[in-house]
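**Q** Single-letter residue listing:
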Amino acid sequence: MAQVSLRKIVKEYEGGVQAVKGIDLDIADHEFVVLVGPSGCGKSTTLRMIAGLEEISSGEIDIGGAVVNDVPPRDRDIAMVFQNYALYPHMSVYDNMAFGLMLRKFDKAEIRRRVENAAKILDIGMLLDRKPKALSGGQRQRVAMGRAIVRDPKVFLFDEPLSNLDAKLRVQMRTEIKKVHQTVRTTTIYVTHDQVEAMTLADRVVVMNHGVIEQVGPPQELYHHPRTRFVAGFIGSPAMNFIPARLEARGDNLVLLLPLGTELAVPEHRAERYRTHVGKQVTFGIRPEHLTDTQHISKQHVALLTLTPEVIEPMGMETLAHIKLEGTEICARLDPMVEAAPGVPLALAADMNNMHLIDDATGLVI
Amino acid sequence: MASDSNAAVLAARPAAARPASSAMKRFARRRSTIAFLMTLPLISVIGGLVVWPAGYAIYLSMLNRRQTAFIGLENFDILLDSETFRSVIWQSCFFAITAVLLKALVGFWLAHMLHHIPTKGQRMWRGMLLVPWVIPPALSTLGWWWMFDPSYSSINYLINAIGFPSVPWLGEPWWARISVIIVNVWYGAPFFMIMYLAALKSVPDQLYEAAAIDGATGWQGLRHITLPMMQNIISITVLFSLIVTFANYDIVRVLTNGGPRDLTQVFASYAFQVGVLSGNIPRGAAVSLFMFPLLAVIAYFVLRGVNKRTKEMA
Chain A
-17 MAQVSLRKIV KEYEGGVQAV KGIDLDIADH EFVVLVGPSG CGKSTTLRMI AGLEEISSGE
43 IDIGGAVVND VPPRDRDIAM VFQNYALYPH MSVYDNMAFG LMLRKFDKAE IRRRVENAAK
103 ILDIGMLLDR KPKALSGGQR QRVAMGRAIV RDPKVFLFDE PLSNLDAKLR VQMRTEIKKV
163 HQTVRTTTIY VTHDQVEAMT LADRVVVMNH GVIEQVGPPQ ELYHHPRTRF VAGFIGSPAM
223 NFIPARLEAR GDNLVLLLPL GTELAVPEHR AERYRTHVGK QVTFGIRPEH LTDTQHISKQ
283 HVALLTLTPE VIEPMGMETL AHIKLEGTEI CARLDPMVEA APGVPLALAA DMNNMHLIDD
343 ATGLVI
Chain B
1436 MASDSNAAVL AARPAAARPA SSAMKRFARR RSTIAFLMTL PLISVIGGLV VWPAGYAIYL
1496 SMLNRRQTAF IGLENFDILL DSETFRSVIW QSCFFAITAV LLKALVGFWL AHMLHHIPTK
1556 GQRMWRGMLL VPWVIPPALS TLGWWWMFDP SYSSINYLIN AIGFPSVPWL GEPWWARISV
1616 IIVNVWYGAP FFMIMYLAAL KSVPDQLYEA AAIDGATGWQ GLRHITLPMM QNIISITVLF
1676 SLIVTFANYD IVRVLTNGGP RDLTQVFASY AFQVGVLSGN IPRGAAVSLF MFPLLAVIAY
1736 FVLRGVNKRT KEMA
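So the sequence lines, in the order shown, correspond to chains A and B.
Residues in the first sequence are numbered consecutively from -17, following the working numbering.
Residues in the second sequence are numbered consecutively from 1436, following the working numbering.
Just so you know, these hints were derived from the structure itself, not from any lab.
Straight-line C-alpha distance at most 30 angstroms; calculated DSSO-like pairs for lysine-lysine:
1) 102(A) / 90(A)
2) 1743(B) / 90(A)
3) 1746(B) / 115(A)
4) 1636(B) / 113(A)
5) 1636(B) / 115(A)
6) 1746(B) / 102(A)
Pulled a few chain A residues facing chain B out of the computed Cβ check, cut under 8 angstroms:
7) 55
8) 68
9) 86
Covered, in the sense of this in silico footprint (three residues per stretch, anywhere, with C-beta under 8 angstroms from a C-beta of chain A), are these stretches of chain B:
10) 1639 to 1646
11) 1651 to 1664
The beta-carbon is built from N, C-alpha and C at its ideal position, and this holds for glycine as well.
Starting from the given sequences, assemble the full structure and let the hints guide the process.
**A** Structure, rendered in structure tokens:
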């Protein structure tokens, strides 16, 4: 087990296209870090550079205190789980798991012990004689994880391992991965485009966009204190609502002036923080759960609005209402017991204690 | 009462006819029936051009020289007693096995080289390397015959230029055997190359990446990933080439004509000599059928293995 450090890592392809633009990241021993971002943000490229499957254009990768830039994948002491499992189709499950140990000339008894131990952890003991073709998607995923576990490497790398599974199995396997990490405690770097996976699995989440790291932090910190508009919009489902606004002063207090003239009062304790932006065009951000029915919200620092939903989505544990607010599509999260119908005006309350204000010029949360 | 029963009989008649015609329609509409009907022309062609001549050859091989009497397996008995024919068996096996192995090795090496050069240059090289396979072998073998010529051999000219004596390519039995194999490999290796290149391209890159992370060197990747993943293609190409090489006629006929002293004769050239040139058609048929049982058994086991692996892996 080991810590991993990335220092000024750049990946530039032929023609000067930069997939990764000089990122720095320190991952502690035993830590579970998730790289998350949209397609093309450079997360998989970063993982592949750590694995040694992609050359690094510049910068340094350090695994367990040694720079591994020129070390081939086989000597980095890492294990990787691929998106489409990459199981050897001509080998049995046992041989797939034993292959890495066999190449490293482990004793046969030790190989058997390790494979059986991993099979026990993953509950695939009865599948050891089967070929990968005879396994379901979830079983293949377990075998791929088993292949990584038996090696007892310094670092586990996961490249979107749940993308090929159906929604139900994905949730189940997510829990399995977390359980395995709690058992073996190996440093883990996990790549996904699914922010729910990132939030549920990670000790720390690294949000990437256009080849740079937007923010690194524990899931709750990213959710409640996003530093950029991108992070605010990417983390959370449904996504945060963004409404264009202008910050105006009303005596000692501040208000947000929406495009058609609605004014929303900014809580006094936030006034100092926002005062430098008075008169500027900003984006008002509020999560759907902070824009809800009036019965389920505290009355302090609340802006009351009466809006007409266009679409109602009952989800069972909650109801989502899609509404147009002064020309912008927004989403509100309602208690499932609230009676709401499309086209029928609804009293809503915006919890301004949880508002976010984004500087349009920089894209940074103020 | 009577009129009622008559009406019932009248009503029942078309009802009884209807199930038969709808069963026929169902049979005609079945996918397997349509598939059979669509492949019927091909089955007829194969029947006419393969099964009938093969059956006729078996029949011929059991007749006497004048084709007037049925003599059972006597032609085969006589052939096995003949020292020349025993030498033909040995030469055919030596020629076919060596040539197929070399074609497979050269083809694999070329495919591997091609696979690792950029796509743009790959197309040009692929086209150039396929040239030997698309030239009619009788013509290209004439070119080789000239290059092996005892007086004007261009190969010997090059060998002399680096200080070695001339090689009697077609004059000495062993050199003649090697020459025939060289030409066969030159002609047949591109087929292996193109098949192996397709097989190499079908191995997912992620398997190599997984193997590299598991600790495999390039050689171990080739041994544990590439070769097992290509096993079906290798088996089928080797089987196909073995059958074709055992039946090879034109290269031997043009290059050595079986000589010197019948020491490069293979089944096909010897069958032609016995059957056509010496006028003993039944014995010629027996020569050409000699390897059939062995090749059929090999084909059965190879194809069974291919089927098994396909079911397990695909």
